[in-house]
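J.: Sequence:
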Amino acid sequence: MTMKRILGWTSRKSFLSLGLLLSISAWGGAMWNRSQRPGHQTARLPDIVGQTSDGTTALPDTATKARLNELYGQLPLSFEANVGQTDPRVDFISRGSGYTLLLTPREAVLALHTAGDAQDDRESAVGVTLRMQFVGSEVKPKVTAQEELPGKVNYFIGSDPRRWRSGVSTYAKVTYQNLYTGVDLVYYGNQRQLEYDFVVRPGTDPNIIALSFEGADQLKVDAQGELVLQAGGGEVRQRKPLIYQEVDGVRREVAGSYKLKDRNTVGFELADYDASRPLVIDPVLVYSTFLGGSTDDEGRDIVVDALGNAYVTGSTQQLIFPIDFPTTAGAFDTTHNGSHDAFVTKLNPAGSALVYSTFLGGSNDDGGRGIAVDTSGSAYVTGITGSPNFPTTVGAFDTTLNSLGTFDAFVTKLNPSGSALVYSTFLGGVITESGSGIAVDTSGSAYVTGDTGSNNFPTTVGAFDTTYNGDADTFVTKFNPAGSALEYSTFLGGFDTDFGTAIVLDTFGSAYVTGFTGSGNYPTTVGAFDTTQNGEFRFDAFVTKLNLSGSALVYSTFLGGTGPEFGEGIAVDTSGSAYVIGTTSSTDFPTTVGAFDTTANIVVGPDAFVTKLNPSGSTLVYSTYLGGSELEEGNDI
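49 is the number that my numbering gives to position 46 of the sequence shown; each next residue is one higher, with no gaps.
Heads up, some of the hints might be wrong.
Each computed DSBU-like pair below joins lysine-lysine, with the alpha-carbon atoms no more than 35 Å apart [to be verified]:
(1) 176 / 143
(2) 615 / 145
(3) 264 / 223
(4) 176 / 262
(5) 223 / 243
(6) 262 / 155
(7) 264 / 155
(8) 176 / 223
(9) 176 / 145
(10) 155 / 223
Taking CB as the label site, the calculated pair distances span [unchecked claim]:
(11) 580 / 607: 30 to 40 Å
(12) 511 / 165: 25 to 35 Å
(13) 165 / 132: 21 to 31 Å
These are computed hints drawn from the structure, not numbers from a lab.
Beta carbons are placed, not taken as given, at the ideal position from N, Cα and C, and that holds for glycine.
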């Protein structure tokens, strides 16, 4: 089972597909204690926090936390041995944000938790329970654990010490040996995904494997070969299985699919393969749910917090009654306001329930384009609004629509429950603005990028560029934590059209921006990878890093070939290397030797591209096309 996160839209509804197992709560090297309230966990992290000279606790800095978060995702998944802390029929337990997995000799039980009181009482807030039973398997297969981890789990529940359990061992893998004669089942993974593989030994018929699902209302195989389980008001999907054999160290895939045996039982159907070699069958399990009403809805951006909750923004249209885009009681705004409203929706880690869902808009058209979340769970949203009565807050930077019959950008911060606005402000001048990307630093300052056609767009003294340059400029704006003032705001562009699409921050708070530019004089820096526009009268992607104060460029480069390019998404690692994704129609887009694909696949439409720049922005670490003979677009990374 591999975690997936997917966001997209259909002509009728947005859809959101989330991995069931978005995060795992056990730290491999930490000591976990379970208090009297089930599900409440505290951790001692001796390698993370230290003591200062005055004896107070020293918390990790931003760079350290980011590095630890990256390393955490690579740690082995933890399986607890059952030594009396749960039902005796259970052999091993794996716990995470939004789920509990129980492994017994004859079945795997996956309990998905609801939003309710999930942070404080996860185990008592079970929403959907799915039981995957191994039909026709051995009555008592040998269930063993491998690769013991240094972490131990302690249970101190209730006042009777005889019921306490301490020093419970944890492991990285659990294997069902001879679940069927000649077939092993292996559970393993890391802190961000859980996988299970059927390993079929040579000479064994894989048709003996049969899985029965209890807790699902309906079971079917769709046109894409995915196994669809209707459960809890949504869909649990197992993607078309990956089936392969290792031959001389090379993985060779075997064609195969699910095969329904009866209304709630499924097996596997395989093409010819080498029966003298082992065979691996690896299903992929995801949770999928629609998000929308009876007319058009579009998901534009998604972010996930440390607990695995997903925050989504976009736009929803309402042309008929009743208004049926899903909102939640107590959310900021449950009434649709205009033809198109922005929406902000938070889903629980299992994807099984809305934590909150709210409209955001006024009497004209509004749409969410970018979303970020801070460590407290407050969501920051940017987008576009044409509504003079778009909701703003007292003391916010700008509470009046600036455009003359067109659109302003907006920046809105919601409280963690989605019930109120912490601040909300317009951002723009007399012509049209759109906010496209947003990021937030550890102090709560929001950084926004987008595009503006206004020569009076608000800039700040000392910012890199305070003069409007052409038909449309990119802007980069940093708000103070209260949303009441600009810490810096700058134009970024040349004499033609420039659009900022995405923004990200490094661990120090420097902003990295990507987008696309038609300006031959777009600002670049000496020593940057490419300081010359590549396509005459065509767009190039750009990648620009600003210093902490927004007063100068650390580096700025074109990225493209003789055809048009569009930079759409950007990420940065802890070393300061930037990763950019976008779309190219150039046969000479810059690629690197040894990259995955150095030849354009452009026949009918453009290719996606993925490029990594070194920390100084002077060279490409790698750069590759990504596509086939039809149209591809890279939108986020």
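J.: Compare the structure with each hint and give your call.
T.: Against the structure, the hints:
Annotation: proposed proximity of residue 176 to residue 143 holds, straight-line Cα distance about 19 Å (limit 35 Å). At roughly 47 Å between alpha-carbon atoms, residue 615 and residue 145 are farther apart than 35 Å, so this suggested pair is violated. Proposed proximity of residue 264 and residue 223 is supported: the alpha carbons are some 11 Å apart, at most 35 Å. About 28 Å separates the Cα atoms of residue 176 and residue 262, which keeps this hinted pair within 35 Å; it holds.
With a C-alpha separation of about 12 Å, the suggested pairing of residue 223 with residue 243 holds against the 35 Å cut-off. The suggested pairing of residue 262 with residue 155 is violated, with an alpha-carbon distance near 41 Å, which exceeds 35 Å. Our distance criterion of 35 Å between C-alpha atoms is broken by residue 264 and residue 155, whose separation comes to about 42 Å. Of the pairs offered as hints, the one joining residue 176 and residue 223 holds, with about 30 Å between alpha carbons and a cut-off of 35 Å not exceeded.
For the proposed pair residue 176 and residue 145, the alpha carbon gap of about 14 Å is at most 35 Å, so the pair holds. Note on residue 155 and residue 223: the hinted pairing is violated, with a Cα-Cα distance of about 41 Å set against a maximum of 35 Å. With their beta carbons about 33 Å apart, residue 580 and residue 607 fall inside the hinted range of 30 to 40 Å. Distance hint for residue 511 and residue 165: a CB-CB separation of about 52 Å, inconsistent with the stated range 25 to 35 Å.
A hinted range of 21 to 31 Å holds for the C-beta pair residue 165 and residue 132, which are about 29 Å apart.
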